[in-house]
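Participant: Each chain is listed here by its residues.
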Amino acid sequence: MGIIQELSESLQRGDAGKAAELTRKAIDGGLDTKTILDDGLIAGMSAVGERFKSHEIFLPDVLLAARAMAAGMDLLKPLLIREGIPTIGKVVIGTVQGDLHDIGKNLVAILLKGAGFDVIDLGNDVSPQRFLDTAQKENADVIGMSALLTTTMPVMKAVVDLAKERGVHGSTRIIVGGAPLSSDYAREIGADAYCYDGVSAVECVKKFLGRA
Amino acid sequence: MIRKVLQIPVAEVLPSREAVMGGQGIPRSTTPDGRISRLADDALSLYGEKARPAGILMEVPRDAFGAVFQGRGSNEEESPLGPIYRASDRLALFAVTVGEAVCAEISRLFRDNDFALGSMLDSAASAGTEMAAGAVEDFYRGHLRDAGLLDSLSGTLRFSPGYCGWHISAQGALFDALRPGEIGIALNESFLMQPLKSISGVIVAGRKEIFDFEDVFSFCRDCTTHSCRDRISSLLQQ
Numbered sequence: 018m019g020i021i022q023e024l025s026e027s028l029q030r031g032d033a034g035k036a037a038e039l040t041r042k043a044i045d046g047g048l049d050t051k052t053i054l055d056d057g058l059i060a061g062m063s064a065v066g067e068r069f070k071s072h073e074i075f076l077p078d079v080l081l082a083a084r085a086m087a088a089g090m091d092l093l094k095p096l097l098i099r100e101g102i103p104t105i106g107k108v109v110i111g112t113v114q115g116d117l118h119d120i121g122k123n124l125v126a127i128l129l130k131g132a133g134f135d136v137i138d139l140g141n142d143v144s145p146q147r148f149l150d151t152a153q154k155e156n157a158d159v160i161g162m163s164a165l166l167t168t169t170m171p172v173m174k175a176v177v178d179l180a181k182e183r184g185v186h187g188s189t190r191i192i193v194g195g196a197p198l199s200s201d202y203a204r205e206i207g208a209d210a211y212c213y214d215g216v217s218a219v220e221c222v223k224k225f226l227g228r229a
Numbered sequence: 016m017i018r019k020v021l022q023i024p025v026a027e028v029l030p031s032r033e034a035v036m037g038g039q040g041i042p043r044s045t046t047p048d049g050r051i052s053r054l055a056d057d058a059l060s061l062y063g064e065k066a067r068p069a070g071i072l073m074e075v076p077r078d079a080f081g082a083v084f085q086g087r088g089s090n091e092e093e094s095p096l097g098p099i100y101r102a103s104d105r106l107a108l109f110a111v112t113v114g115e116a117v118c119a120e121i122s123r124l125f126r127d128n129d130f131a132l133g134s135m136l137d138s139a140a141s142a143g144t145e146m147a148a149g150a151v152e153d154f155y156r157g158h159l160r161d162a163g164l165l166d167s168l169s170g171t172l173r174f175s176p177g178y179c180g181w182h183i184s185a186q187g188a189l190f191d192a193l194r195p196g197e198i199g200i201a202l203n204e205s206f207l208m209q210p211l212k213s214i215s216g217v218i219v220a221g222r223k224e225i226f227d228f229e230d231v232f233s234f235c236r237d238c239t240t241h242s243c244r245d246r247i248s249s250l251l252q253q
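Protein sequence lines, in the order shown, are assigned to chains A and B. Going by our numbering, the letters in the first sequence line up with residues 18 to 229, in that order. Going by our numbering, the letters in the second sequence line up with residues 16 to 253, in that order.
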């Protein structure tokens, strides 16, 4: 078995130590940085996402794999930057203003990073201005918003409205998620998609960026 | 009328491993591998170490609760709690928390990329907070029984702002009346409690039949748990 395949499998097992060791070995062995990323780390996370979708594994398994991914990425990221290798897309993510629940948003951010996206996590209690200012400054492809409270859901509409006002809605896609939300609500406020969970968020962003 | 602060022993509100796994979407029928079970055990051990469960309970007259229920006037047109509290015998506002330390630990674990343990601890803390609310309700029920104010035909059920048509903005009036700052719970401008792992609401005591409502309200369609069904059926069977 090649080192890249071994790396992908170590990630699927959620073995962070092994994933870091194999990433280091691959780098030291002169393997192409993008190959290590795409065929090792991202391929491993993608397989994990598929197994989660088919209920073969559960959330903790996915999160163990994400930790292994992060261990590999810690070593790979400086090389990606140095070699000017672009990420497959940039996502600005946050929990909307007035809401402090961030566990769901954190899980989505972890899985997006695992899929190879550059994720700018604004944390919680994020104002519409901050979402838009950051998305425009960073030239983000997607804005991801999370809300757990029905009272804070209107902030999502304020973000969509502000994106329209600034003329960036369309070039920057907007996705929403959170327990009280639905596809109907996403449509109603003019968001581009409602994502049920982290795996569906990854699929959705990939689709928007032509990576599905 | 009783007003009481309760320091709840962690051991009394320690969730089962199955409850923690359930919070992670692992069905009871599944036997997860040893590593996942160990993670759940580690999360429970961390929860036991960090959680400081506490509750506060205060009885209020029906009229006074009417003002709390009304809040800022944003409730749904119809809420099951309206007719239930009006038909009640006694009412007590309550708030519980498992404390800030456990919430800080969850954040720390995520920051350190220990996502699986952080997520497990989050599930443990959520289940523990729910148990703490149950412990306060049990205490109140026991208090009423001891005082001869609750017979076998009566029971209690709790409701929280943000659910069952009771708008979350009513938290403002609830906090003004209950003052749960005494156990370390504060409210932000969005009516969110801090620490996040906190629950507040009202415990309604009355004849069992007043609690028997159908989940056919407009907001029931959006409810993901319908946990009222189990609680009402368990109350009616008591």
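The hints are simulated quantities; they were obtained by calculation from the structure and are not laboratory data. Think of the CB as a built atom: it goes at the ideal place given N, C-alpha and C, for glycine as much as any other residue. One or more hints might be untrue.
Unchecked claim - Stretch-level coverage of chain B by chain A, calculated; a stretch enters the list once three of its residues show a Cβ under 8 Å from a Cβ in chain A:
(1) 64–70
(2) 80–88
(3) 174–186
Said to hold, decoys possible - The following label-pair restraints were derived from C-beta to C-beta distances:
(4) Ala119(B) - Thr52(A): 51 to 61 Å
(5) Gln22(B) - Thr104(A): 25 to 35 Å
(6) Leu226(A) - His241(B): 35 to 45 Å
Participant: Against each hint, give a clear statement of whether it holds in the structure.
Facilitator: Evaluation of the provided hints:
1. 64–70: The restraint on the region 64–70 of chain B is violated, since only 0 of its residues have a Cβ under 8 Å from chain A and three are required.
2. 80–88: Violated, because only 0 residues of the region 80–88 of chain B bring their Cβ atoms closer than 8 Å to Cβ atoms of chain A.
3. 174–186: holds (count 4)
4. Ala119(B) - Thr52(A): 51 to 61 Å: Taking Cβ atoms as reference, alanine 119(B) and threonine 52(A) lie about 40 Å apart, which means the hint is violated.
5. Gln22(B) - Thr104(A): 25 to 35 Å: Given about 50 Å between the Cβ atoms, the range is violated.
6. Leu226(A) - His241(B): 35 to 45 Å: Cβ of leucine 226(A) to Cβ of histidine 241(B): about 37 Å, so the range 35 to 45 Å holds.
In terms of the numbered hints stated before, the structure departs from hints 1, 2, 4, 5, listed from lowest to highest.
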